[in-house]
Amino acid sequence: MEWGVETRPKHEKSIALIDRAIQEFPSNNDYKVFKAIALYNVKHYKEAMNFLLNVIATTSRDKGIQEYEKPVHIIRIN
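Under the numbering used here, the first residue of the sequence shown carries the number 41, and numbering increases by one thereafter.
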């Protein structure tokens, strides 16, 4: 419990920094993956999963995954 209290502000600062990086370099998907990890660490599981699904759907060359690109953008995890 104490570990989570101490690290949460660090993760929230990381998210803010990553958001700035995404704004400055929107085509760099690495930052989006890092944001998903940071969101997961502060228990924003749905938002983290949506970021990961978006990156996977838009960057994968796998034909099976490419078929789901449009649905992933339309359907978000509730």
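Hints are supplied without guarantee of correctness; some may be wrong.
Straight-line alpha carbon distances no greater than 30 Å define the calculated DSBU-like cross-link-like pairs of lysine-lysine that follow [unchecked claim]: (1) 86 - 72; (2) 83 - 50; (3) 72 - 83; (4) 103 - 53; (5) 103 - 72; (6) 86 - 110; (7) 86 - 50; (8) 53 - 72; (9) 72 - 50; (10) 103 - 50; (11) 103 - 86; (12) 83 - 53; (13) 83 - 110.
Derived by calculation from the structure, the hints in this document are not laboratory data. Predicted model, so just to flag it, every value in this text is computed and none were measured.
Results for each hint:
no. : hint     : in the structure
1   : 86 - 72  : holds, 14 Å
2   : 83 - 50  : holds, 14 Å
3   : 72 - 83  : holds, 16 Å
4   : 103 - 53 : violated, 37 Å
5   : 103 - 72 : holds, 22 Å
6   : 86 - 110 : holds, 19 Å
7   : 86 - 50  : holds, 20 Å
8   : 53 - 72  : holds, 15 Å
9   : 72 - 50  : holds, 17 Å
10  : 103 - 50 : violated, 38 Å
11  : 103 - 86 : holds, 25 Å
12  : 83 - 53  : holds, 15 Å
13  : 83 - 110 : holds, 27 Å
Of the hints listed earlier, those the structure fails to meet are numbers 4, 10, in rising order.
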